[in-house]
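Chains as they are written, first to last, in the working numbering: chain E, 1 to 349; chain D, 1 to 349.
Treat the hints loosely; a few may be bogus.
Put simply, identical chains are the same to the list, so a pair is met inside one copy or across any two.
[Claimed, not checked] Derived DSS-like pairs: lysine-lysine, alpha-carbon spacing no greater than 30 Å straight-line: (1) K74 with K197; (2) K197 with K116; (3) K95 with K280; (4) K116 with K329; (5) K266 with K280; (6) K74 with K280; (7) K95 with K321; (8) K266 with K321.
Just so you know, the hints here were simulated from the structure itself, not pulled from any lab data.
Number of protein chains: 2
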Amino acid sequence: VTETPRIAIDAMGGDVGVSRMLDGATLALASDPNLKFLLVGDQAAIDAALASHPAVRGAADVLHAPEVISGTDKPSQAIRRAKTTSMGLAIDAVKQGNADAALSAGNTGALMAMSKLALRTLPGIDRPALAALLPTLGDNDVVMLDLGANTECDANNLVEFAVMGAAYARAAMGLERPRVRLLNIGEEELKGTGEVKEAGGLLRDSPYLPLQFDGNIEADRIGRGEADVIVSDGFTGNIALKSVEGTARFITDLLRRAFTSSLRSKAGFVLSRPAFHMLKTHLDPNNHNGAVFLGLNGIVVKSHGGADAGGVANAVGVAAKLVRASIAKRIADDLARFHEHHPIPAAAK
Amino acid sequence: VTETPRIAIDAMGGDVGVSRMLDGATLALASDPNLKFLLVGDQAAIDAALASHPAVRGAADVLHAPEVISGTDKPSQAIRRAKTTSMGLAIDAVKQGNADAALSAGNTGALMAMSKLALRTLPGIDRPALAALLPTLGDNDVVMLDLGANTECDANNLVEFAVMGAAYARAAMGLERPRVRLLNIGEEELKGTGEVKEAGGLLRDSPYLPLQFDGNIEADRIGRGEADVIVSDGFTGNIALKSVEGTARFITDLLRRAFTSSLRSKAGFVLSRPAFHMLKTHLDPNNHNGAVFLGLNGIVVKSHGGADAGGVANAVGVAAKLVRASIAKRIADDLARFHEHHPIPAAAK
């Protein structure tokens, strides 16, 4: 177990850039002093920012990268610049063993393509997946994956996602046998696409996996605390996640309109401020920032481009937790157990 | 144009049954006296309920049906009882020309299967789709389809849904060229599944259709008022709709918790009641009750099983509006125009 995770930070990514990433690193260090950073990006810009972030300066090395991946760069363009960009060199540091995890707030498509090419998938894993924690009304968050890495998936991909998501839930929430469900349009076994039905069959037949498969879950139950891991293909998962985010914003906007519609409502708003603060804390995406790219020989975490310092610190915390939990080894071990019973077809090897 | 739509109501469907359906019919008549009803179900139960619903009694005939489709009946079981059940006979009344539309609050899968078998799809339509209106922050609602009738769809199905959804938007909201978008995981043309990309190409090449195709839309923009029609396969549409509904309930539950957490918050709640009432009105699913099964030779509307009287009245209003707008003819005409340019492959005829 790595007691002091070393995290390579793409210092140039995100809507704000270096200062925001260092603000986040400062906050992360304050709550967890056993962290080291490798700050990757423009040396001059990083040095200048470090002057006003003394705590980070004491815990960080700097790796100069002359270029930056932009938000509009295509993944195919990005991978050609793996050795010159801050994002590419942060990932390369994980590959070279100079860091235990990479963190970037930049272009998601580029980050996934570069990570997959540099770090390769774990043995037994066909496709990596993007996973995140979402809030629930229950005691724990829920791990959702895939959130957009794979537009189309077969049944084996979904089983791999279930194994990876369960390993994440064990690592992040200390659960022994996470309750896993497949996202579907009904709870009955006969519902859904052929891929989902086949994946359900495979998971029901795999009681030796360190997870409890509870069948299907409908999208209106995502936040009810009835599952620890919710699995879907990346198209469906992205639609569900964005629908949740969009609806939360829709209602927040409606509330704002409603509470500014009259003097009486405004007074009510002032009186209700603690209640709204509680709601905001629960819904604030910064408190759940840090999506993980699971299934690779290394840890890569994506911070939201617009995350605030607290959000960046949260993503750093996710990376550190996964390093300390040896997430990649855990996934590889669980997958090996699955493939003892379900050998990988020769054609796929 | 049918000035006085005659609506066959499955009087036995829904969580409450006859009394709720007649409460809804009463409300519908109060705001639109030019309606006739055919109440289908147990004659004795309907007669008893009509005694306390005099307005409906003056506008309704009764058709006795000895059996009822239950919530757990499979579609395959239901279609064998088309001639003995309240749901089956309500649909049959449309087929026989004894009603202009059928309305049921019963089992959705059974309703879709029976409707498709009895009414058949319109010429040029491969698959019917389930469509509903959702609230937005803009001036109009948005038509979303397919919400679950078809788990897997090809590009032509999606184009047909676009045409059907646009016809609905023209009929329901009086728009001349509704803005149509495909639900996708990014706005760029290259994003998404093969089916979605191909459908986008077909729609871009069809400027003669009475709609304005605006490309893709992500799920977090559904309620922003940026589209009049949002098209997807039934699996994706169901996931998006349920995610929206579940998140709205999640936040409502959080608000309730927050506002009962202290005396101060409770006082704030009382003061803010008008604002909450405004929010509730906007989010209340009863105000958007009535999903339409589009693409058939006849109009079938599904009311939510738990809808209140106002919700049932809203669904009756949807049915009446679609009858007066001759929705089936409108869709058939638009589809014929599309197939002039894109002939149906011989194999599919």
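Evaluated hints:
In this homomeric assembly, K74 and K197 come within 30 Å of each other (Cα to Cα) only across copies, at 18 Å, whereas the closest approach inside a single copy is 34 Å. In this assembly of identical chains, the alpha carbons of K197 and K116 lie at most 30 Å apart whether taken from the same copy (28 Å) or from different copies (25 Å). For a Cα distance limit of 30 Å, the shortest separation of K95 from K280 qualifies neither inside one copy, at 38 Å, nor across copies, at 52 Å. Taking identical chains as interchangeable, the C-alpha atoms of K116 and K329 lie at most 30 Å apart only when both belong to the same chain, with a minimum of 17 Å there against 52 Å between chains.
In this homomeric assembly, K266 and K280 come within 30 Å of each other (Cα to Cα) both inside a single copy, at 17 Å, and across copies, at 18 Å. Within a single copy, K74 and K280 get their C-alpha atoms no closer than 35 Å, and across copies no closer than 43 Å, so neither meets the 30 Å cut-off. Taking identical chains as interchangeable, the C-alpha atoms of K95 and K321 lie at most 30 Å apart only when both belong to the same chain, with a minimum of 19 Å there against 63 Å between chains. Taking the shortest alpha-carbon separations for K266 and K321, neither the intra-copy value of 42 Å nor the inter-copy value of 39 Å comes in at or below 30 Å.
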